[in-house]
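S.K.: In case you want the letters, here they are:
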Amino acid sequence: MSALAATTFTVPPVEFGKLSPMLIAFGAATLGILVEALAPRAHRYRIQVGLALVGIAAAFGAVLALAKTGVEVVAQGSVAIDGTTLFLQGTILVIAFVGFLVIAERKTDQNQDAFAAQGASVPGSQAERDTTRKGWQTTEIYPLLMFSVGGMLLFPAANDLLTMFVALEVLSLPLYLVCGLARHRRLLSQEAALKYFLLGAFSSAFFLYGAAMLYGYAGSVNLAVIAQHVAHPDAGSTLLYAGLAMLGVGLLFKVGAAPFHMWTPDVYQGAPTPVTGFMAAATKIAAFGALVRVLDVGLGGSSAVAVWRPVLQAVAVITMLVGGILALTQRDIKRMLAYSAILNAGYLLIGVTSTTAQARAAVLFYLPVYGVAIIGAFAVVTLVRDAGGEATDLSRWAGLGKRAPIPAALLAVFLLAFAGIPFTSIFIGKFAIFQAALNAGAPALVIVAVLASALAAFFYLRVVVVMFFSDPLPDGPTIAHPSIAVKTALAVAAFATVALGIAPSLLLHLANNSAGILAK
Amino acid sequence: MSGFPYLTVTIASPLLGVAGIALLPRGAQKRAREIAVATSLITLVLAIVDAVKFNVGGAQYQLTESHTWISQFHIDYSVGVDGIALVLILMTAVLVPVVLLASWNDGKNTPRAFFALMLVLEVMMIGVFAATDVFLFYVLFEALLIPSYFLIGSYGKSGEKHRSYAAVKFLLYNLLGGLLMLAAVIGLYVVANRTVADPFDFPTLAHAVATGQLHFSTGVERWLFLGFFIAFAVKAPLWPFHTWLPDAAAEATPGTAVLLVGVLDKIGTFGMLRFCLELFPSASHYFTPVILVLAVISTIYGALLAIGQRDMKRLIAYTSISHFGLITLGVFAWTARGQVGATLYMVNHGLSTGALFLLAGFLISRRGSTEIDAYGGVQKVAPVLAGTFLLAGLSSLALPGLSSFVSEFLVLVGTFEKYPVAAIFAVTSIVLAAVYILWLYQRTMTGPVTAAVSGFKDLTRRELAAVVPLLALILVLGFAPGILTKYINPAVTQSTSLQVTTTPPPSIAAQAQGSDQ
Chain Y
701 MSALAATTFT VPPVEFGKLS PMLIAFGAAT LGILVEALAP RAHRYRIQVG
751 LALVGIAAAF GAVLALAKTG VEVVAQGSVA IDGTTLFLQG TILVIAFVGF
801 LVIAERKTDQ NQDAFAAQGA SVPGSQAERD TTRKGWQTTE IYPLLMFSVG
851 GMLLFPAAND LLTMFVALEV LSLPLYLVCG LARHRRLLSQ EAALKYFLLG
901 AFSSAFFLYG AAMLYGYAGS VNLAVIAQHV AHPDAGSTLL YAGLAMLGVG
951 LLFKVGAAPF HMWTPDVYQG APTPVTGFMA AATKIAAFGA LVRVLDVGLG
1001 GSSAVAVWRP VLQAVAVITM LVGGILALTQ RDIKRMLAYS AILNAGYLLI
1051 GVTSTTAQAR AAVLFYLPVY GVAIIGAFAV VTLVRDAGGE ATDLSRWAGL
1101 GKRAPIPAAL LAVFLLAFAG IPFTSIFIGK FAIFQAALNA GAPALVIVAV
1151 LASALAAFFY LRVVVVMFFS DPLPDGPTIA HPSIAVKTAL AVAAFATVAL
1201 GIAPSLLLHL ANNSAGILAK
Chain C
12 MSGFPYLTVT IASPLLGVAG IALLPRGAQK RAREIAVATS LITLVLAIVD
62 AVKFNVGGAQ YQLTESHTWI SQFHIDYSVG VDGIALVLIL MTAVLVPVVL
112 LASWNDGKNT PRAFFALMLV LEVMMIGVFA ATDVFLFYVL FEALLIPSYF
162 LIGSYGKSGE KHRSYAAVKF LLYNLLGGLL MLAAVIGLYV VANRTVADPF
212 DFPTLAHAVA TGQLHFSTGV ERWLFLGFFI AFAVKAPLWP FHTWLPDAAA
262 EATPGTAVLL VGVLDKIGTF GMLRFCLELF PSASHYFTPV ILVLAVISTI
312 YGALLAIGQR DMKRLIAYTS ISHFGLITLG VFAWTARGQV GATLYMVNHG
362 LSTGALFLLA GFLISRRGST EIDAYGGVQK VAPVLAGTFL LAGLSSLALP
412 GLSSFVSEFL VLVGTFEKYP VAAIFAVTSI VLAAVYILWL YQRTMTGPVT
462 AAVSGFKDLT RRELAAVVPL LALILVLGFA PGILTKYINP AVTQSTSLQV
512 TTTPPPSIAA QAQGSDQ
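Respectively, the protein sequence lines represent chains Y and C.
Each residue of the first sequence is one higher than the one before, counting from 701 in this note's numbering.
Each residue of the second sequence is one higher than the one before, counting from 12 in this note's numbering.
Hints were generated in silico from the structure; no laboratory data involved.
Among the hints, a few may not be true.
Said to hold, decoys possible - Here are the simulated DSS-like pairs of lysine-lysine, each with C-alpha atoms no more than 25 angstroms apart in a straight line:
| id | chain 1 | residue 1 | chain 2 | residue 2 |
| --- | --- | --- | --- | --- |
| 1 | Y | K1220 | Y | K768 |
| 2 | Y | K807 | Y | K1102 |
| 3 | Y | K1102 | C | K168 |
| 4 | C | K41 | C | K168 |
| 5 | C | K172 | Y | K1102 |
| 6 | Y | K1102 | C | K180 |
| 7 | C | K497 | C | K429 |
| 8 | C | K64 | C | K497 |
| 9 | C | K180 | C | K168 |
| 10 | Y | K1102 | C | K41 |
| 11 | C | K168 | C | K468 |
| 12 | Y | K807 | Y | K1187 |
All chains should be built: construct the whole structure from the sequences, respecting the hints.
M.R.: Right, dumping it as structure tokens:
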């Protein structure tokens, strides 16, 4: 990059075409704010949902249109558009589309969506009752979530640490807000949001500090420049290692790896369930994309790998053990799924630490199949309802398989997939990751992962046992009849989970090709 | 590769019934049983066609088919049978219609799901024996657990607590074993991928191992062997991995228990015979002493515990543990006689224990109790039931003239050739078998007619139709075991495991193989 010494400001060329997926997402979000300001309250819901879905579909179209182009680093070296980026962006958009179908659901809860009528009203106050009676809705969540989607699209594409930080904040801030907007159990939801915000802000600070140290080390925040300095060190490595550690904390927080996982169960439990599903899937994909880019592009030099690989391997082991063991003690289905998400982050970390293109392909395959299954699982949770919202306590689910065979069977499919039973997509994902890890010479990690899987099977099966082998409760929860949108989302998720377990070749092929193309 | 996909058609045929059951209108739920029995009979006919098409004395693997499945990992859908797999498929195809007929009134409120699950299980059971791709084998090996899990957990004896406990225990034991095997399967793939063109194709792998083209370092081979062996030992089950079996067999319906003990467990011993011995010959030799000890313990321990049981189904489950010990002994005896005997034993055990379980089930359905003490004097009230029970029991204790005798004899002789001490210890199980079977018969069938038993009806026509074919086969195979050994003998001699035993001890063998092949 040349220094801009000229007195007149020359506009740097920006390749808008290459950035179009992100621009479309941000554009849809901005339009959504205008809708919020200008459209009458009665029409907002329809317009916002339509706008968001159209925006996501258009951005997906843009990703497809870009698919043929090769590696390109655009926007003055700050955004890398390559196979890995496009694969992840496409995945995030598909997940977001399915996620929005569930988020926009109003039929399961007496024509209300899952969000507080007015976020600002005090829980239990007269204002809350008034706004609820008037049927107000927080339609702001759609533009907020679109901003978040835009940030997620940018996060794995960011080729310099500052852009990555901006993307991190753009994707996180709206989520902090939306997490606090649950319609039922608002205090729990607000507590979750506050916790998420405080810890998230803390980890962002770590990230930023790490970026500053790496800047001090390499004289640039650009990943390619950092990579050059790692390959040809001309100064001491203290700043590199310190920066690496801090950056790692920030990123591992986002992927929900132990010991930075503390927020996950509380936030997953407190957030409105459709948002939890969306967040569990999409944030994880974006964050792993960013982690892969930082580690493989910026710090992929062998001297750096030798330092971070054992540490990350240890983190992977701790993550799997924490996820697997603590999930055993959970009585709440949302918390259990949160620990399962931690466990899965551990598997993904095994892939990340293997550092081969093969392992990257395995991670790329795992992310969408896991994302689709977890969205499906949380969508089923939204259907099982009590007077006070969703019935998330496991004991309330007794005999669900007898009273509502279809939702129970769908959840069983997702849970068996998480347990890694053959003929499900996640089994193939695990196979891909484990074989990449063995190829990279890490048999111990595979053994731990296998044992953690066996542990995990126990708590997934406990849900199946409760649903299918127990007798229904006399005053059990009601099963909501969802709209066609949620039915579609569930059908797509279940179909993808089974179909990609039986015929994974196409997606594996795509992941292999995409993983091979990484802008270094 | 033959033109017509005989095996695939056989494997997939039960799915016809599943589709038929799924399409049944709500009012006609009970029709599921007829559809299921009819489909399983079609499958039986197809399996017999496979046997006819199988050319004894021809290539080792026949009726082979192969299609690329997941090209990225060199995974194929390949099926094919040798004589061993063929007789096990035949046994499965015989047992399933019998079990369905015997389970006529099981399946409680949801007979459609019950019979559909049974048929799905049959697809996977036949598939697992027919698979010649290691990955395909593994996938079916694991997937089998799910229908079995629901069959144990959703049906069977009332008392939800015990049932779900048994189902979860069954699944966790087998899943843990299976996951260890997954690690070993991947390890095998990673190593084989370096030197073998088709690293999941079993015949290719076995050949490569025998010729030294595929060579593992000693440590790796032992770990991979253990991964496979533990999975099979849990499935078989071998002491000390056996504790899931009595629970599962006692809680499941008699029909499910027959498939569990009669077929599913055979996958374990089948896997040892095929995968452990042929893929990891040196490690198999290395671990043979330990395995023989475990097998002998299983044989004697299972028999002793069977004697001590008060619950009829648990008793039969423990007799099976004893028998699986003998089968494992035959497999790891490293003699052709032992392995032929073990294979024959797998079939005969399926028939005799199947008949015993079903008859015990009929008995239990008349009284509602599984306790042995709840019966007495049945032979005066229901002589046919008692007689068939005695015949099945005598087959289980390997009375000469009945099918089990031939296989048990072969196993013991085959073991004695190489490991006389193990054989001598194992022989005691013959005496113990007489004790547990005859004492069971004495306590339930003889003596004064107890009040609860006095109203017993004898076997119905449906029940007779279920057990008579099994008993007939037991008699026929007792006098003419050649029907099966004609298939089994060439498969055992063609298998590479016995050819490898003639080479020097492991460490030297590795170097020698490279030069002389």
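S.K.: Keeping to a limit of 25 angstroms between CA atoms, is the pair of K168 (chain C) and K468 (chain C) held or broken?
M.R.: 21 angstroms, holds
S.K.: Is it true that the CA of K1102 (chain Y) sits at most 25 angstroms from the CA of K180 (chain C)?
M.R.: Roughly 22 angstroms separates the two Cα atoms, so the pair holds.
S.K.: Hey, K1102 (chain Y) versus K41 (chain C), does the alpha-carbon distance stay inside 25 angstroms?
M.R.: Given pair K1102 (chain Y), K41 (chain C) holds - Cα atoms ~18 angstroms apart, limit 25 angstroms.
S.K.: With the threshold set at 25 angstroms, check whether the alpha-carbon distance from K180 (chain C) to K168 (chain C) stays at or below it.
M.R.: Status holds; Cα separation ~16 angstroms.
S.K.: Between K807 (chain Y) and K1102 (chain Y), does the CA-CA distance stay at or below 25 angstroms?
M.R.: The hint holds at about 23 angstroms.
S.K.: Does the alpha-carbon distance linking K64 (chain C) and K497 (chain C) stay inside the 25 angstroms limit?
M.R.: 14 angstroms, holds
S.K.: Is the straight-line distance between the alpha-carbon of K1220 (chain Y) and that of K768 (chain Y) 25 angstroms or less?
M.R.: 18 angstroms, holds
S.K.: For a C-alpha distance cap of 25 angstroms, please report whether K1102 (chain Y) and K168 (chain C) respect it.
M.R.: With Cα atoms ~18 angstroms apart, K1102 (chain Y) and K168 (chain C) stay inside 25 angstroms; holds.
S.K.: Could you grab the alpha-carbon distance between K807 (chain Y) and K1187 (chain Y) and see if it respects the 25 angstroms cut-off?
M.R.: Holds, at roughly 11 angstroms.
S.K.: Keeping to a limit of 25 angstroms between CA atoms, is the pair of K41 (chain C) and K168 (chain C) held or broken?
M.R.: With a Cα-Cα distance of about 20 angstroms, the restraint between K41 (chain C) and K168 (chain C) holds, given a limit of 25 angstroms.
S.K.: Is K172 (chain C) within 25 angstroms of K1102 (chain Y), Cα to Cα?
M.R.: With a Cα-Cα distance of about 17 angstroms, the restraint between K172 (chain C) and K1102 (chain Y) holds, given a limit of 25 angstroms.
S.K.: Taken at face value, is the distance from the CA of K429 (chain C) to the CA of K497 (chain C) at most 25 angstroms?
M.R.: 24 angstroms, holds
Checked against the numbered hints given earlier, the structure satisfies every one of them.
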